[in-house]
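First to last, the protein sequences are chains C and D.
According to our numbering, the residues represented by the first sequence are 1 to 325, in order.
According to our numbering, the residues represented by the second sequence are 1001 to 1370, in order.
Worth flagging that the hints you see were computed from the coordinates, not collected in a lab.
Just so it is clear, the structure is predicted and the values come from calculations on it, not from any experiment.
The beta carbon of each residue, even a glycine, is placed where N, CA and C say it ideally should be.
Just so you know, not all the hints are guaranteed correct.
Facing chain C, according to a computed beta carbon distance under 10 Å, are these residues of chain D, among others [said to hold, decoys possible]:
hint : residue
1    : ASN1033
2    : ASP1164
3    : PRO1317
4    : ASP1346
Derived pair list, reagent style DSS-like, types lysine-lysine, alpha-carbon separation capped at 25 Å [said to hold, decoys possible]:
hint : chain 1 : residue 1 : chain 2 : residue 2
5    : C       : LYS208    : D       : LYS1355
6    : C       : LYS50     : C       : LYS263
7    : D       : LYS1204   : C       : LYS263
8    : C       : LYS208    : C       : LYS237
9    : D       : LYS1355   : C       : LYS262
10   : D       : LYS1204   : C       : LYS117
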Amino acid sequence: MKRCFLGIDIGSVSSNFVAVDESLNVIDKIYLRTQGQPINVIKKGLSLIKNSLVDYKVSGVATTGSGRELASLVVGADTVKNEITAHAVAALKCCPDVRTVLEIGGQDSKIIILKDKIVYDFAMNTVCAAGTGSFLDRQAARLGIPIEEFGSYAVKSKNPVRIAGRCAVFAESDMIHKQQTGQCLEDIICGLCQALVRNYLNNIAKGKTLEEPIIFQGGVAANIGIVAAFEKELNAKLIVPEHYDVMGALGAAIISKGQYEKKGYTSFAGFDIINYSYSTKSFQCENCPNCCEVIELCSEGEVSARWGDRCGMHSQVRKKIDQAI
Amino acid sequence: MKVTFPHMGNIYVLVKTLFDELGIEYVIPPMCNKRTLEIGAKYAPEMACLPLKINIGNFIQAMEQGADTIVITGGCGPCRFGYYAEMHREILRDLGYDIEIIALELNDKGIKELLEKMKKLFGGKIASSAIPLYRALKALIQMDKLEALSYVVRAREKEKGATDRIIDEFHKKIKSVYGCKNIVKLIEDTKLMLLRLPLDSGHKPLRIGLVGEIYTLVEPFTNLGIDRLLGNMGVEVNRSLYLSEWIIEHIIKGGLKIRKKQLFQTEAEPYLKTPIGGHAQETLGHSVIYAKQHYDGIIQIYPLTCMPEIVADSILPQIRKDFNIPVMTLIVDEMTGEAGYMTRIDAFVDMLLRKNMTKEKASEALFFRN
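Bound conformation, chain C alone (with noise of 0.2 Å):
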């Protein structure tokens, strides 16, 4: 049986998986709406991806996004990376010269350079979501156009005006405004993607030398009207990668197939996870004035792991079952 290794990036509006084989070849991807169901959502996921896998054997497990730590409890993962690491692995992976990554994901968005196929800065967004993709997703919704169609729209424009991007509030008070004045759709619109586009560069970017080649991803990646938006105020093209969407899930997938190379065993708990159930509930610790808010995942009923909690009193739990294993 061949060997395969799974990536999962639970982020905060997507959940992707990816199956890559030793040649490090995508299998399949799975791009699903996280919708505030971590748990939910990996379940799905895997019993999706069960079935282009019924050739191969999992052997490594990584798990990265926000939800990374949840993930990598229900599935067992060998490793548990942050995304600026997964997303960097992905984008050497694609493009071996990159220079510069921009990604653009649903809450947050990163900048990585890298000089020598090495890491060398990287920057996150920090207390603003006017430069992500729920911006986006939520103005298309208040403009009642597809997220999907939205780029489309956004290159047709000739005059796009000026929406002040600073803010994601403001921003849209802006746009309202505009569209009261009677300006068209197509122009609000590609107004909107270059006001994203100098939020990014304005906050994240800022202080960065950006140099060619970049590499573009993250689910924004699929609008053209950014992307244009992009390509005109770096003077630079871009690559988009052909799996942009799931990059993360990606770079988390090459990274547990090293990690097998190290361990030479998976803690992978395989695909009968699909049909247990899980519950998380969590509670405040009373026990000193830190007032940690603790997080308990149960398996079948009972508890598997605890987290969240400074001290480490309750986390322990999960220390106890793994020696009983």
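Start from chain C and add chain D according to the hints.
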């Protein structure tokens, strides 16, 4: 009179020692926690910086335990900190608290007013408070040394979490130990325990220098215990600012006007010639020093809206370029999300590990830190 004071890292060790020696009744506010910040954020102006908010929380929590007098330091012009005493007074008065605030600061009225205030606090015995003050400062110096030692040990400990356990135990014990002699003994004992921990001698840790605004550097609650986080990843941290140093340099030497030019000032000069308040010059100067000592990376931490650090933040890219050293900036306030914060630290360490290795080994480092 039941005196209380704001928390700021280990400052409570100094105040406790001093008040024990002088026989002044005091209340140590509960260690900074979420509730402290909630209270502070509720009553302080939204745009005020994080330390002010936590101070207010400290005071209200201490008053719940019976404190009726607050002692704080102040000063003219280092940054917004200069207005803290007055802000505290106004905010607490508006809230209807009947509390006295003694602000130990050198203002335009000169040393006389300061002595008056000290007289009030120490019950008239200024001359005889000199020795306890000296002893308390000594205890703080020891405490800071202990903390610096813990950074070296934590990065190399064989049993993960051993250093944390010893330090936690220390902070628990010190509350029921009284007087300079006993406190110093407890510090010494803790130091010995740290020194006896088995270390992994083969581990060559990454070295990261921490720079930035002093309060967020020394108060673990505000920086989410970054020194521990990094230490437990096997990274040796070095903090550029310690309270004892700050007290000796700014308050004592500064007050007596015998302060000499320090190394960090010389090193900062090509980037920022004059002090602009806060710790901007320290941040830049120490970054250059770390770079020259071949540290692997630098992390700058400051509270949102901290003006001097914003200036330093915008100059740091030049230092980064000149010395080719990675620099990351973390800005904290009551809205800081833990997840994003951790991701950044995790990614920064990944980046340094990879940079540090030869090319073949680099990919390994990337995959196998866990």
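To see whether the hints hold, each was checked on the structure:
no., hint, in the structure
1, ASN1033, "holds (4 Å)"
2, ASP1164, "holds (8 Å)"
3, PRO1317, "holds (4 Å)"
4, ASP1346, "holds (4 Å)"
5, C:LYS208 - D:LYS1355, "holds (18 Å)"
6, C:LYS50 - C:LYS263, "holds (24 Å)"
7, D:LYS1204 - C:LYS263, "holds (22 Å)"
8, C:LYS208 - C:LYS237, "holds (18 Å)"
9, D:LYS1355 - C:LYS262, "holds (20 Å)"
10, D:LYS1204 - C:LYS117, "holds (23 Å)"
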